[in-house]
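All residue numbers in the sequence shown are consecutive under the numbering used here, ending with 604.
Keep in mind the hints are simulated off the structure, nothing from the lab. Keep in mind the model is a prediction, meaning the values are calculated, not measured. Even glycine gets a Cβ: it sits at the ideal position worked out from N, Cα and C. It is possible that part of the hints are untrue.
Unchecked claim - Once the Cα atoms are required to be at most 27 angstroms apart in a straight line, the calculated DSS-like pairs of lysine-lysine come out as:
{"no.": "1", "residue 1": "Lys339", "residue 2": "Lys256"}
{"no.": "2", "residue 1": "Lys256", "residue 2": "Lys79"}
{"no.": "3", "residue 1": "Lys339", "residue 2": "Lys355"}
{"no.": "4", "residue 1": "Lys322", "residue 2": "Lys355"}
Unchecked claim - Quick list of simulated restraints, FRET-style, between CB atoms:
{"no.": "5", "residue 1": "Gly252", "residue 2": "Thr451", "range": "20 to 28 angstroms"}
{"no.": "6", "residue 1": "Ala473", "residue 2": "Ala337", "range": "39 to 47 angstroms"}
{"no.": "7", "residue 1": "Asp601", "residue 2": "Phe298", "range": "30 to 38 angstroms"}
{"no.": "8", "residue 1": "Thr451", "residue 2": "Pro347", "range": "19 to 27 angstroms"}
{"no.": "9", "residue 1": "Ala473", "residue 2": "Arg35", "range": "31 to 39 angstroms"}
{"no.": "10", "residue 1": "Lys79", "residue 2": "Gly425", "range": "33 to 41 angstroms"}
{"no.": "11", "residue 1": "Arg157", "residue 2": "Asp495", "range": "39 to 47 angstroms"}
{"no.": "12", "residue 1": "Glu521", "residue 2": "Ala473", "range": "46 to 54 angstroms"}
{"no.": "13", "residue 1": "Gln345", "residue 2": "Pro76", "range": "51 to 59 angstroms"}
{"no.": "14", "residue 1": "Ala169", "residue 2": "Asp20", "range": "23 to 31 angstroms"}
{"no.": "15", "residue 1": "Ala241", "residue 2": "Gly425", "range": "53 to 61 angstroms"}
{"no.": "16", "residue 1": "Asp147", "residue 2": "Asp20", "range": "36 to 44 angstroms"}
{"no.": "17", "residue 1": "Ala143", "residue 2": "Ala169", "range": "31 to 39 angstroms"}
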Amino acid sequence: MSSTLLSRRDLRFLLYDWLDVPALTTRPRYAEHSRETFDAVLDLAERVATEHFAPHNRAADLDEPTFDGRHVRLVPEVKAALDVFADTGLLASTLDESVGGMQLPHSVAAACFAWFQAANVATSAYPMLTLGNANLLLAYGTAEQVDTWVRPMLEGRYFGTMCLSEPHAGSSLADITTRAEPQDDGSYRLYGTKMWISGGDHELSENIVHLVLARIPGGPPGVKGISLFVVPKVLPGPDGAPGARNDVVLVGLNHKMGYRGTTNTLLSFGDGGHEPHGRPGAVGYLVGEPHQGLAQMFHMMNEARIGVGAGATALGYTGYLKSLAYARQRPQGRPLAAKDPATPQVPIVAHPDVKRMLLAQKSYVEGALALVLYCGRLLDEQRTAPEAADRDRARLLLDVLTPIVKSWPSQWCLAANDLAIQVHGGAGYTRDHDVEQHWRDNRLNPIHEGTHGIQALDLLGRKVVMRNGAGLAALAAAIGATVERARRAGGEAADLAGRLDDAVGRVGAVTRRLWGTGDPETALANASLYLEAVGHVVIAWMWLEQLLAADAAAAAGGGDADLYAGKRHAARWFFRYELPRTGPQFDLLESLDRTTVEMRDSWF
């Protein structure tokens, strides 16, 4: 029986027929791998996700974490699942062998982790944050910091967080006030409060490694004065084992509509709740150079943004598969031409409007999954491409795509979850079926790791204009290469290529128009609309790529004719029903409309 978490058929198609991930094994970093090892880790991920993560997804939602003033309690299955996950070694799957990693391609690791996100996005958040924390310290930490903090995290003994926001500052990190005072021994004492910290307190691990943004007194104002610190929940003892409790105190838990199994916390640093070494103040250790904290934190933030998009995709995907299974099993009504009420009812999948909803979901979730894995492939190119120019191109393209891969799935795979509820009808909004929880879980992702508005400002305000427009040029060139291949293929592929080429032309023209006025306020007023439109163009590109791959696989004698036909039909749908949305959006952007800018507070 096929899984309702993800489609293994689709993953095989994307990794092997489209992205040709086995070709990476010719490169030294991946030389020990093969398609057989990739299949083995995918099998492992599917099995552990299915057997250990999915079964407690509902329980962790209904019985959310509680705090009694001393201890945080979660359902016991969360820790049991994370212990099994730690034993798989998948947490360090992409990392160097020297730190215990498997040196798997990022594209394969992303496919593996999608199983856990689809099975239980709340429990999977703990290892996702931990890996991002570890990767940052591997990039900027000292050898001692790697040995002290990273190795235990990769073994699953310690978990990690990122502590950026504060109650008064929200996303405006220039306004954070947490301070870090230098100590004679080279450490720092931190004082302040951090809000919305996922995984900020629990008893799932021996220790929690907080990465905290704070200000060293006397530093520059704004974001230029922010530094980054390791602040553990428990300080290491002389022998490296956990020692004294650090002055990091859980003030309270935030109660969320979704992701309930992930603790979300308000933390206080240095309020005297504990007195490490006999006095208050949270002991912290500087990462890298002073006043470089925000730039360093972006290493983890960008990884988390891609992870949020992947989680949104996985939630949309499992909702789609569950609504598809329901539609195939649920008899109701008859075809319009069947006038005899004595004739048997048909499964609702036979009704055109249900097909419409399922096809829309398919186009969103399979398009989003393609983008997530494509970004994984760009990471592989960035790390291992033989030519420096190819590595730079991959880095540039990934920079441009990061706000899109974070936000597009967060918007449109949430829309897929909405349609999954609709396919279930009245059963969809009851707790008898999973789809209502998937929608609630996914509704957090348009806010997680930077809202749509923040990603939109990043895309239009920075990414498409960076290096004198090199970012936008890289995206246009990548899509243009697909367009040329499709034109050479002829037939329907060539027709869709023409439509995509026109849309890419609009992206370039609109971007030049917005920035040609010299008025940033007008240019950025409708940045969210720009993000949505460009995101739709990028997903259309993903669908044209998949159509070409399906045609090539079929021509080569591939044996999954239904999958290939489904890919072609979903591509057709997206180009006919979704890509045309961008026309009016580009028209509005090109008009330099100032309706939102000119709206006054008193008029609301």
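Checked hints:
| no. | hint | result |
| --- | --- | --- |
| 1 | Lys339 <-> Lys256 | violated, 49 angstroms |
| 2 | Lys256 <-> Lys79 | holds, 20 angstroms |
| 3 | Lys339 <-> Lys355 | holds, 21 angstroms |
| 4 | Lys322 <-> Lys355 | holds, 14 angstroms |
| 5 | Gly252 <-> Thr451: 20 to 28 angstroms | holds, 23 angstroms |
| 6 | Ala473 <-> Ala337: 39 to 47 angstroms | violated, 54 angstroms |
| 7 | Asp601 <-> Phe298: 30 to 38 angstroms | holds, 33 angstroms |
| 8 | Thr451 <-> Pro347: 19 to 27 angstroms | violated, 40 angstroms |
| 9 | Ala473 <-> Arg35: 31 to 39 angstroms | holds, 34 angstroms |
| 10 | Lys79 <-> Gly425: 33 to 41 angstroms | holds, 37 angstroms |
| 11 | Arg157 <-> Asp495: 39 to 47 angstroms | violated, 56 angstroms |
| 12 | Glu521 <-> Ala473: 46 to 54 angstroms | violated, 25 angstroms |
| 13 | Gln345 <-> Pro76: 51 to 59 angstroms | violated, 43 angstroms |
| 14 | Ala169 <-> Asp20: 23 to 31 angstroms | violated, 45 angstroms |
| 15 | Ala241 <-> Gly425: 53 to 61 angstroms | holds, 56 angstroms |
| 16 | Asp147 <-> Asp20: 36 to 44 angstroms | holds, 37 angstroms |
| 17 | Ala143 <-> Ala169: 31 to 39 angstroms | holds, 33 angstroms |
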